[in-house]
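Chemist: So the protein sequences, as listed, match chains A and B.
Going by numbering that gives the first Met the number 0, the first sequence opens with residue 0, and the numbers climb by one from there.
Going by numbering that gives the first Met the number 0, the second sequence opens with residue 0, and the numbers climb by one from there.
No lab work stands behind these hints, which were simulated from the structure alone.
Accuracy of the hints is not assured; some may be wrong.
[Stated by the list, open to error] According to the in silico footprint, chain B covers these stretches of chain A (three or more CB under 8 Å from chain B):
1) 83–90
2) 102–112
[Claimed, not checked] Just the calculated beta-carbon pair ranges, DEER-fashion:
3) B:V200 to A:A62: 35 to 43 Å
4) B:D181 to A:R109: 31 to 39 Å
5) A:G225 to B:G10: 49 to 57 Å
6) A:P246 to B:G35: 51 to 59 Å
7) A:Q59 to B:I57: 49 to 57 Å
8) B:L247 to A:R57: 35 to 43 Å
Built from N, CA and C at the ideal position, the CB exists for glycine as well.
Chain residues, written in single-letter form:
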Amino acid sequence: MPPEDFVSITGLSFAYPGGRQILDRLEMRIAPGQVVAIMGGSGHGKTTILRLIGGQLRPQRGAVRVAGQVVHELNTRQLYLLRRKMGMLFQFGALFTDLSVFENVAFPMREHTALPEALIRDLVLMKLHAVGLRGAAQLMPNELSGGMARRVALARTIALDPQLIMYDEPFTGLDPISLSVIGQLIRRLNDALGASSIIVTHDVISSLKIVDYVYFVSEGKIAAQGTPKEILDSDIPFVRQFVKAEPDGPVPFHYPARDYREELLGPHAAR
Amino acid sequence: MPLADLFPAIGRRVNNGIWRLGYAARFFLTMLGRSGIAFSRFSLTVKEIYFTGVLSLIVIVVSGLFVGMVLALQGYNTLQRYGSSEALGVLVALSLVRELGPVVSGLLFASRAGSAVTAEIGLMKATEQLSAMEMMAVNPIARVVAPRFWGGVIAMPLLAALFSATGILGGYLIGVVLIGVDEGAFWSQMQSMVDFREDIVNGVIKSLVFGALVSLIAVFEGYDAVPTAEGVSNATTRTVVTSSLVILFADFILTALMFRGS
Numbered sequence: 000m001p002p003e004d005f006v007s008i009t010g011l012s013f014a015y016p017g018g019r020q021i022l023d024r025l026e027m028r029i030a031p032g033q034v035v036a037i038m039g040g041s042g043h044g045k046t047t048i049l050r051l052i053g054g055q056l057r058p059q060r061g062a063v064r065v066a067g068q069v070v071h072e073l074n075t076r077q078l079y080l081l082r083r084k085m086g087m088l089f090q091f092g093a094l095f096t097d098l099s100v101f102e103n104v105a106f107p108m109r110e111h112t113a114l115p116e117a118l119i120r121d122l123v124l125m126k127l128h129a130v131g132l133r134g135a136a137q138l139m140p141n142e143l144s145g146g147m148a149r150r151v152a153l154a155r156t157i158a159l160d161p162q163l164i165m166y167d168e169p170f171t172g173l174d175p176i177s178l179s180v181i182g183q184l185i186r187r188l189n190d191a192l193g194a195s196s197i198i199v200t201h202d203v204i205s206s207l208k209i210v211d212y213v214y215f216v217s218e219g220k221i222a223a224q225g226t227p228k229e230i231l232d233s234d235i236p237f238v239r240q241f242v243k244a245e246p247d248g249p250v251p252f253h254y255p256a257r258d259y260r261e262e263l264l265g266p267h268a269a270r
Numbered sequence: 000m001p002l003a004d005l006f007p008a009i010g011r012r013v014n015n016g017i018w019r020l021g022y023a024a025r026f027f028l029t030m031l032g033r034s035g036i037a038f039s040r041f042s043l044t045v046k047e048i049y050f051t052g053v054l055s056l057i058v059i060v061v062s063g064l065f066v067g068m069v070l071a072l073q074g075y076n077t078l079q080r081y082g083s084s085e086a087l088g089v090l091v092a093l094s095l096v097r098e099l100g101p102v103v104s105g106l107l108f109a110s111r112a113g114s115a116v117t118a119e120i121g122l123m124k125a126t127e128q129l130s131a132m133e134m135m136a137v138n139p140i141a142r143v144v145a146p147r148f149w150g151g152v153i154a155m156p157l158l159a160a161l162f163s164a165t166g167i168l169g170g171y172l173i174g175v176v177l178i179g180v181d182e183g184a185f186w187s188q189m190q191s192m193v194d195f196r197e198d199i200v201n202g203v204i205k206s207l208v209f210g211a212l213v214s215l216i217a218v219f220e221g222y223d224a225v226p227t228a229e230g231v232s233n234a235t236t237r238t239v240v241t242s243s244l245v246i247l248f249a250d251f252i253l254t255a256l257m258f259r260g261s
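Using the sequences and the hints given, assemble the complete structure.
Modeler: Here you go:
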C-alpha cells in the first residue's frame, strides 16, 4: 500500500467574496518526500492554493487535508499547531525588516520554543550555513540582494524543521546563478529534512529540473499533470504553449474585450 | 450630482462608516483578548515605548517650551491690566495641565508616532510580513499590534506630563526671568491653586484616553490598510486626520464631564 499523502486536496472550490471563481473542484495529492510544482499563468489561483493549504483562506467547497487533518475544520489553536509543521517562503521573502538576518531566522525558535540562547545561536548558524549565508548573520534585510534575502527567508522557513515547505514563486526576479542556487536548495533541503515541498511557479525551466511531479492549473482546474518528462513530451496545447513560451494559443494574448472593430468604429467611437 | 444619486451616495458613506466602526470595535476587542503577550513579554512593549515615546521627546519638549512661553506672554498681557500678574503661574499651569498638555501633546503624538505606527504596520502587511508571521503560527495581532498599542497607551501620559512640565518652565522663563513677575508669587500661587485630584489627575486621565484613542486608530488603520503604496499612504493620512478630530471631540466630552461648574 502506498504511504498516505501528506497533503490531499479534494473537490476544492474557492472564490473571493463577490469575485469570480478562482478554484473549481480542484484535486491534488502530495506524497511524503515529494517535491511538486504547481504551474500556470498569473492570476490562475496558484497562490490561492497555498493560502488554502496554510488555512489563511477558507474554501467554499471541498477540503484540504494536511497530515490527515482537514485544515478548514480546525480551530485557531489547532490550526496554529498544524502550521508549526509547515513553512512557507513568500515571493519576496517577507523578512522582518526591523530584525537582523540572525534574528529573522531565530524568530520562529524564540516564539515557539524555550531553547537556551546558546542553542538558538548554534541552530541559527546551522540554518544559515545550509543556505550559505552564515557570514551574513549580522546584516540587516535592507543590506541583502534579492537572492540573498530569499535564501535568508528560506533559512527562516526551515527553522523549525517543517514537514511541508511551500514556495510562492521562489524564482521570480533572480539572476541565473541565484536561480539555480535556490533550485538546488529547495531539492536538497527537502531531501535532508524528509519533508514534502510545493512550489508555485511559472518558471518551467528552473522547476522541471528539480521536481518529481507537476500540476498545471488553468481557470481554477487542473489542465494537465505528470512527471517532468511527461510534461516536456506532452502534446496538450495549453502545456505546449506554456513550456515553449508562445505568446498566443489556448491562453489568449488579449484580455476579454468587446469586438475591436465595433469598439473603434461603433456608436461610442471618437469622431 | 442629481438628487436621485445624492441620497444613495450619502447612504453608502454612512453605511460604510458604521460598518468600519463596528469592524474597528471588533478589532479592538480581539486585540484586548490577545494583549497578554504585551505584558508577559514586556520587552516587546518597552521597545515600542522607545519608538513612540522616547523618539517623540524632542518634538514634545520643544513644543511644550514654546507653548508655555507664548502662554506667559499672552497671559501677562491680560493679567497685568487687572493688576494680578502674580497669578501668571496659575494661569500657565492650569492651562497646560488641564488642556494644552494632553491635547497638544496628543496631536503631536498622533502626527509623530501614530503615523509611524500606521505606516510600519501597513508596510509589514504590504510586504507580506504579517502573512509570514501567521504562517509561522504567530498571531500578528498579539505579536505586532498589541505591543504597539500598549506602548502608545503608556507613552502618551508621560509625554503629556513632560509637555506640561517644560511648558511651565517656558512660562517661568518668560514670566519671571524675562518680564520680572515675582518668583515667589509665581510658584506659591501655582502650588496653592492647582489641585492634585481636580486638575492633575483629570489631565492624566485625558492623556490616557487620548493615548488609547490615537494608538487604536494608528494600529487599526495600519492593519486595515490596502496593501499597496497608495493604500499605506492613505491609511497614514487617515490616522493623523481621524486622530486629531477624535482628540478634539473627546476633549470636549471629557472637559464637560470633568469640569462642569467648577
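Chemist: Compare the structure with each hint and give your call.
Modeler: Now the hints, each set against the structure:
no.: 1; hint: 83–90; verdict: holds (count 6)
no.: 2; hint: 102–112; verdict: holds (count 4)
no.: 3; hint: B:V200 to A:A62: 35 to 43 Å; verdict: 57 Å, violated
no.: 4; hint: B:D181 to A:R109: 31 to 39 Å; verdict: 60 Å, violated
no.: 5; hint: A:G225 to B:G10: 49 to 57 Å; verdict: 54 Å, holds
no.: 6; hint: A:P246 to B:G35: 51 to 59 Å; verdict: 55 Å, holds
no.: 7; hint: A:Q59 to B:I57: 49 to 57 Å; verdict: 53 Å, holds
no.: 8; hint: B:L247 to A:R57: 35 to 43 Å; verdict: 41 Å, holds
Figure legend: structure checked against the earlier numbered hints; hints not met, in rising order: 3 and 4.
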